[in-house]
Structures are given as C-alpha cells and as structure tokens.
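The residues making up each chain are set out below.
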Amino acid sequence: MSVTQIWQYVLTGISMGSIYVMVAIGYNIIYNTTGIINFAQGEFLMLGAMIAISLSTVMPLIMALVLAIVLTTIIGALMEFFFIRHMKKPTVLNMIIITIGLSIMIREAALHIWDEKVHSLAYFTGNELSSINILGAYVSPQYLWVLGMSALIIIGLNIFFKHTTLGRAMRACSSNKKAAWLCGINVKNMVTISFMLSAAIGALAGCVISPITQTQYDGGTSLAIKGFTVAILGGLGNNNGALAGGLILGVLENLSIIFLPLAYKDALSLTILVIILAIKPSGLFVKKVMSSLKEY
Amino acid sequence: MNILEVRDLCKSFGGLRAVDNVSFSVKQNHIKAIIGPNGAGKTTLFNLISGSLKTDSGSILYKKETIQNSPPYKIARKGLSRTFQNIKLFGNMTVLENVMVGRHIRSRAGFLNAIMPLPRARHEEKVTKEKAEAIISMLGIGNLSHLEASGLPFGKQRIVEFARSLAMEPEILLLDEPAAGLNIQETEDIAKTISKIRDQGITILIIEHDMSLIMDISDTVMVLSYGVKIAEGDPKTIQRDKEVIKVYLGDDDA
Amino acid sequence: MTVKKFKPILILTAAMIVIQLIVSLIGTEFYLTQLTMALYYSLIIISLCIFIGYAGQISLGHAAFFAIGGYTTAVLTTTNFKEYIGSGLIKLIHGIGLTSTTIDPYGKEILHLSPWLALFTAIVITIIIALIIGIPVLKLKGHYMAMATLGFGLIIYRILLGSKIFGQADGISNVPAFTMPFGLKICGDSSLRLENYYIAGFIVLLGIIILYNLIHSRAGRALRAIHGSEEAAGASGINTAKYKLFIFVLSAVFACISGVFLTHFFGGIGPAEAGVMKSVRYVALVAVGGMANIWGTLGMSLILNFLSLRGVFGSYDDAFFGSILILFILVFPDGILKVENFTRMKEFFKDLFKKKSEKVNKA
Numbered sequence: 001m002s003v004t005q006i007w008q009y010v011l012t013g014i015s016m017g018s019i020y021v022m023v024a025i026g027y028n029i030i031y032n033t034t035g036i037i038n039f040a041q042g043e044f045l046m047l048g049a050m051i052a053i054s055l056s057t058v059m060p061l062i063m064a065l066v067l068a069i070v071l072t073t074i075i076g077a078l079m080e081f082f083f084i085r086h087m088k089k090p091t092v093l094n095m096i097i098i099t100i101g102l103s104i105m106i107r108e109a110a111l112h113i114w115d116e117k118v119h120s121l122a123y124f125t126g127n128e129l130s131s132i133n134i135l136g137a138y139v140s141p142q143y144l145w146v147l148g149m150s151a152l153i154i155i156g157l158n159i160f161f162k163h164t165t166l167g168r169a170m171r172a173c174s175s176n177k178k179a180a181w182l183c184g185i186n187v188k189n190m191v192t193i194s195f196m197l198s199a200a201i202g203a204l205a206g207c208v209i210s211p212i213t214q215t216q217y218d219g220g221t222s223l224a225i226k227g228f229t230v231a232i233l234g235g236l237g238n239n240n241g242a243l244a245g246g247l248i249l250g251v252l253e254n255l256s257i258i259f260l261p262l263a264y265k266d267a268l269s270l271t272i273l274v275i276i277l278a279i280k281p282s283g284l285f286v287k288k289v290m291s292s293l294k295e296y
Numbered sequence: 297m298n299i300l301e302v303r304d305l306c307k308s309f310g311g312l313r314a315v316d317n318v319s320f321s322v323k324q325n326h327i328k329a330i331i332g333p334n335g336a337g338k339t340t341l342f343n344l345i346s347g348s349l350k351t352d353s354g355s356i357l358y359k360k361e362t363i364q365n366s367p368p369y370k371i372a373r374k375g376l377s378r379t380f381q382n383i384k385l386f387g388n389m390t391v392l393e394n395v396m397v398g399r400h401i402r403s404r405a406g407f408l409n410a411i412m413p414l415p416r417a418r419h420e421e422k423v424t425k426e427k428a429e430a431i432i433s434m435l436g437i438g439n440l441s442h443l444e445a446s447g448l449p450f451g452k453q454r455i456v457e458f459a460r461s462l463a464m465e466p467e468i469l470l471l472d473e474p475a476a477g478l479n480i481q482e483t484e485d486i487a488k489t490i491s492k493i494r495d496q497g498i499t500i501l502i503i504e505h506d507m508s509l510i511m512d513i514s515d516t517v518m519v520l521s522y523g524v525k526i527a528e529g530d531p532k533t534i535q536r537d538k539e540v541i542k543v544y545l546g547d548d549d550a
Numbered sequence: 551m552t553v554k555k556f557k558p559i560l561i562l563t564a565a566m567i568v569i570q571l572i573v574s575l576i577g578t579e580f581y582l583t584q585l586t587m588a589l590y591y592s593l594i595i596i597s598l599c600i601f602i603g604y605a606g607q608i609s610l611g612h613a614a615f616f617a618i619g620g621y622t623t624a625v626l627t628t629t630n631f632k633e634y635i636g637s638g639l640i641k642l643i644h645g646i647g648l649t650s651t652t653i654d655p656y657g658k659e660i661l662h663l664s665p666w667l668a669l670f671t672a673i674v675i676t677i678i679i680a681l682i683i684g685i686p687v688l689k690l691k692g693h694y695m696a697m698a699t700l701g702f703g704l705i706i707y708r709i710l711l712g713s714k715i716f717g718q719a720d721g722i723s724n725v726p727a728f729t730m731p732f733g734l735k736i737c738g739d740s741s742l743r744l745e746n747y748y749i750a751g752f753i754v755l756l757g758i759i760i761l762y763n764l765i766h767s768r769a770g771r772a773l774r775a776i777h778g779s780e781e782a783a784g785a786s787g788i789n790t791a792k793y794k795l796f797i798f799v800l801s802a803v804f805a806c807i808s809g810v811f812l813t814h815f816f817g818g819i820g821p822a823e824a825g826v827m828k829s830v831r832y833v834a835l836v837a838v839g840g841m842a843n844i845w846g847t848l849g850m851s852l853i854l855n856f857l858s859l860r861g862v863f864g865s866y867d868d869a870f871f872g873s874i875l876i877l878f879i880l881v882f883p884d885g886i887l888k889v890e891n892f893t894r895m896k897e898f899f900k901d902l903f904k905k906k907s908e909k910v911n912k913a
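Protein chains in written order, with our numbering: chain X, 1 to 296; chain G, 297 to 550; chain P, 551 to 913.
Calculated from the structure, these hints are not laboratory results. It is possible that part of the hints are untrue.
No more than 25 Å apart at the CA atoms, straight line, and that leaves these computed lysine to aspartate or glutamate pairs for DMTMM-like [as the list claims (entries may be wrong)]:
| no. | chain 1 | residue 1 | chain 2 | residue 2 |
| --- | --- | --- | --- | --- |
| 1 | G | K384 | P | E780 |
| 2 | G | K374 | P | E781 |
| 3 | P | K828 | X | E128 |
| 4 | G | K492 | G | D512 |
| 5 | G | K328 | G | E539 |
| 6 | X | K280 | P | D720 |
| 7 | P | K714 | P | E780 |
| 8 | G | K328 | G | D506 |
| 9 | P | K557 | G | D506 |
| 10 | G | K359 | G | D506 |
| 11 | G | K360 | G | D506 |
| 12 | P | K792 | G | E421 |
| 13 | X | K265 | P | D654 |
Model, not experiment: these values are computed from the prediction.
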C-alpha cells in the first residue's frame, strides 16, 4: 500500500466524514431544543436527494437543489407541527417510537412515489470520470463540493447561533426551556424551527452526496446510524465535537478497507457506536464535570 | 451509641462545593434535624449517605462500617431507608403494591420462583401482602390501598412514601422535607407519625424547612450553609445562635 | 392459585380451539399455517412486552436474538457431520444419540445435530450474547439505550448478510423438522398443519404462564418499580442492574426459542428476520397492545401478524406497521385493548340508552 493510496483513502474519508458531521448536526439541533433523538433524520437526506433528482429532470440543477431543500424543510416543519407537537404522553419511549414511525412512513412513501431502484443526482461539475489531482491523490470534484458545503454549513451555523436573535433564542431553549419561556421565547416554535433547520441541512447533505453514493428509498438508515455514531463520539448536542468525531469516523472507516473485508465496513462504525455507548456515552470530547451532571 | 457517623465529607459539582468538609453523628433512636437555606447542600448530603451520589472524599460509617460509594440498594439492605424531597412513588402501581415493594429486602423469592411459584414463595407473597396492609392501615390510608399511587393528592402521596420506607423495617430513616407542600393539619399529622416511628426504635435524620415541626420533634439540630456546617446543638440553643440567625435573616439584621 | 388467575389461560385455550374449529368448518385450513407462525412470533412479542411495558426499558434489536436462535439451529441441523463421525466431539454426540439423519431434497443422507441439542446450543449462545450486550447497554437510558440496541441489531444483521456460513443474502434453507416425543414434528408439512398449530399454541401457552407468573411475583413487582422510578427502586433495596439484566436475558431467550421453532416450522431463515424493520415491528405490536398489557399485546400480535402473513397489507406492510405506531402513540398511548376503554364504551352506550329512554318517557 503506497502513501498516495493511503492519502487517497484519507481524503475520501474526510469527505464522507463531513457528510456524517452534517447528519450529526441535524441530530444535535433537534436534541438541543427538545431533548429527543429524531430517528427520521436519515430520511431527510434521502428525501432531499430524491426530490432534487426528480426536479433536476425538468429544471436546472441549481434550482432543483434549492427547491428540494425548501420542500424538505417544509416536510420537517409539518412533521413537527402535526405529530411531535400534539403528543398526549410525550415520554422518551413515545418520542422514540413516534419518530421511528415517521421514518418508516417517509421511507415507504418514497418507495411508492419513486421505486426501489437506485437513483443518482448529476455531478455538480464535470461527470463521474472527471477527477482532480490533490497532492498526488485523484478525487472526483464532487468531494470538493461535499467539503465546501459542510464547511459552509458549519460556519453558517456558528454565525447563526452566536450572532442572530433567533439563534440565541434557540440556544436559550436548549440550556433552560422554562427560563427561555419566561423570557418570552415561544419554545414550541423554536422546536418547529429546529426541525426545519435539521431537515434543510439533511436535504443539502443528501443532495451533495447523492452523485457519489447514490440514493435509494431506504438509504437514509445507514447514513443516519453513522451520523448518530458521530454525534455520540462528539458528545450529543455538541457540534464542534461532532466535527472531530465525523472526521475520525470517516477516515477510520475508509482505512478499514485495508484490513477488513468490504462487507464488514458498515459493521465497523456500528461496533464503534456500541463500544462508545458502553464505555463513554458522554462522548470523547466532553469534560468530565459536564458529563457528571447529565443522565444517559 | 452512634448509628451513623459522617466524617469530613466533601462533594463538589464543577466549581461548586455542595458539601464542604461536613462531620456529624446520629445517636441511636434520636431524631436529628438538618436545616439550612435553599442550596445549602442538605439533599446532596442525603444523596451521599444513601449512595445515589459518589463522595469526593471523607467517610460515612453506618454502625462502624464504611458505606460510602456502595450502591444504594446495598445501603438500603443494611437498614437505611429514605424518602425523597420530590416524592418518588411508583406511579404505575397501586398504593398496596408500592408498599409491597418496600418489603423487597424482607423477602427472598428469586427468579426461579418468579417463573414458577413454589409453595414457599406463594406463602411469602401472602405474608408480604399482609405486612404491607398492616403498615398502610397503621398510617391511616387503608381505604386507599387499591388506588393508583400517582393519582392521590400530594399529602397522601407523602404518607404512601412513608409507608414504603417503613415497610423496609429500617433502623434509620432519612426524611427529605416530609412537610413540604402540606397544610398545617397534615404537618401536624406527619409530626405525630414521626414521633410514633421513633417510639418503635427507629432513628430519624430529617431535613425540613418548617421550623415549628423541627423544634417540636428533634433532639438535635444541625445547620448547613453553602455546604458548610455552621452550628449544631439542641433546638433551643440553635434558635439563639447568632450565626444561624445571620444565615436565615441576612447580615443587616444581625 | 385461584380460579380467577387461571381464567385468562382457560379463555386462551378455548379461543384456540374455537378458531381451529371455525377455520376447519369453513374449509380454510391453510390459515392454520399463518396462525402457527403468528403464534411463534407472539412469543417474542409478549416477552418484549414485559421488557418494555413492565420494566420500562427499550430494545430495537430483539429481532437479532430471534435470528441468533434461528440461524444457530439452521446451521447445526443442516451441516453434514458425516465425514467427522470418527472425530472426538461428533463421535461423543453421536454416541449419546444427539444426532439425527435426514435425507435432503437431492436424496443425500445428512447426519446432523439433533434439533434438541441445537435448541440448547442456541439458548446458551443467546444467553452469552445477551449478557455481553446487556451489561453495558442496560446502564444507558432512553435514546441512548434505543440506539445501542439498534446498533447491536444492525451488527448482527450485517454479520449474517456478510458471512458465507450463514448463506449471505439467501439465508439457510432445507432445515429439517424438529422431532418431538410421541412422534410429533414441527415442520411446515401441510398434512401436519393441525398438530403444528396446537404445538405452537401449547408453547405460547407455556410462555404466557411463565410471564404471567413473573408479573405477579416479587421480581415482577421489582421490575415495575424500576419502571416507576429507578432511583426509588434502588433506595428500596432493589438491585436494579440485576433485575434489568434478568428480564433482558429472559426476553432474549424467548426471542431465541421463537426463532428456533419458527425456523424449523418454516424450513429455513433469511437475513430479513434480523432486520431493523422486524425489531421495530415487535415494538409496534407492544405499543398497540397497550405497553404494560400482556393480553392486549398477545391479542394484537396474533391478529396483526396473521393479517400481515396472509399478505393483506400487500406492499404496504411496513407502511401499515409504521402508521399504527404513529396512530397509537398519538391517539391511544395506552393501547385500545384496555379494561378502561371497554368500561368507558359501556358507559357511553348506557348514557346513550338512558337519553333515548328519557326522550321516550318525555314523549
């Protein structure tokens, strides 16, 4: 195995990892405002990509992308508004079950709207044969799109949460719901907005990755579980931790091809997930003091 | 004889020292009260003694045996029982069932008997039920025994929690604000019940804000402020203690 | 035990006989095949009902235990040990009569382990895996536990799908019949439909008696206490970790047994049995049954599994289970087969009749 080859694996690993980071951020945003894990997060990626694929046949790619993100965001909002908001008994168990139910419904709807075949969005620039030389490794330009988009989202979110009133209000909700409510913040609307934001980020991630990994109606699940692994690695709710966790998982997973059969590639991230949950559910990058105050 | 001894106990949460070098002891069959303003570390102290929290340093001795950092269930089995400030009943169970859970450490049927109840287990179950019923009627809530515990009014829930603790036949009972949220009549009833329990030979450690209750029933009082023990003595002395008055009324009035 | 305690069991037995008679009378005996399968599936669902509904935990990976049971027995009863008959362990097993011989569809004689030994091995493997997974995972709560069990289930699924010994995507077929005393056989032979229906019924009956006893025992009370408040349960002297582990392992064993028998009945098993959708379906059936309601869960599981196996929901099978999950959590978080609902219905009709009769009186 040459150095160039390893470098190539690392580079694609970073790109895949940044997709996992976007999924993880989707989990974090909803977790921070509601304390629940949205089991349908992976379906946002699939929906975004599927809608974009269909729309791109009748309009330019860029318009299809924007419209796909908008539509997925609306679906995210409707999901919260019609199901999460009106739960009679919002226990953790019921929250888990209802988001699982919603993920099944979205998946099944996608199966009947589209089909069980593999679809793929066109490459944003060039085609499947074009490649760029980065320090000796040849990668598809789409990987650069993936990296660029993730960087944009992370920077954008940082600005949003730190420097806008809405972002600050959402952060207030995550640290203390009641206090936020007493300050006149409409907590329920913040929850809706967190679902919209997660859906939008998910849809964008689904679109940029679609040309590389392709999209199938049930493709969201495996991305979802990897995104969750990343979220746990970085400590649930901690976006910067997720960034580090995502890059670690992405690279590790790609390098695993060297010593593990390809069929077990997915089992690797699952094993990491179960081990982390078993020994350090607070994540790798969370201070001990903080974790002692939380329940897992 | 001291049934419980706490020595140099410390516990911090991040930078906050919730319990700071606290030492005290509880004499057998006494009622000892712990008072102090909100956030003084009283409940943290209880959580450390009952094992729900791990200590940073110091020791807790129950009948000369160190118990700090043992899991709660092991401490409970030694004869230490507690109630919670924000009542923790088993909401999905009836009053009788709640109290029967209290008999858990006084019965033995294991997993085999759970699957295939042998005659002895069935007999034990009957005894458990009878004892639980006896405690319930002793505390005057016999008419409620088949109602779901979570549906009861607040005052009654406190009594159910009491009954559950008593069902464990503890040697020492830790009561965390037993009169919180109760009206005057209910508080008086609770005071009577506590005295009655002590008369049965049970030692009591109690956290309470209701001063009249504390002054009526306790043998000694300990005062905590910001995690530090600032005074200890019989109720009369404590009432006159300058430091205590300062803590409760603020500096200006002292 | 009083008659009252036996009543549900008597009703269940009677219901089984009545269903069989109806099915035979209207000449749709082929329904018995799906009913038998629904019965076996119920075994895993009622044990999950105790784990989720009574003990208040969550598992999104129980299909994995079903698959562990099914695949263990499938491998052990389809592998031909004939060449190894001289070697140590096989010789010993053969010597004490724990092997059987069957003819496979190609006319080849296969010497394999007896299904009883396979069942025993499957249970032992399940217990070991449940302990390894359960000890760390049961320390977690809520979402963390859900995700960890989901991850476990997916790992097993991936391993089954990726390994040659488990037949990869095709699974394992030609699993022989499970022979029992008195010449009884668990297999999908259409001539043995009736006896298999009653064997399955008997196994489920045994299962439900065990779980019914558990609910009404000291251990069952401890489990419900853990559901109510883990902290208070610990303060009451309950070793919460031990009890949670016990019910996790017990329900895993139920799932395993269900997998073993169903594999012999069906004559094979595929990786889909370990899939997430299966695990989710089991949870859905517990939710629909009313969480802490073992009879409701059993009833709903039998009805819905039967309809699903008959293919009533067609390509909307998963969608159906997804939608009932949402419907029940939103509208009936306590299930519908609850006593209160029946009394409420009764009162509603009573009021209705009262009003009517009042109207009549006024007129």
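(request) Could you work out which earlier hints the structure fails to respect and list their numbers in ascending sequence? (result) Failing hints, ascending: 3, 6, 7, 9, 10, 11, 13.
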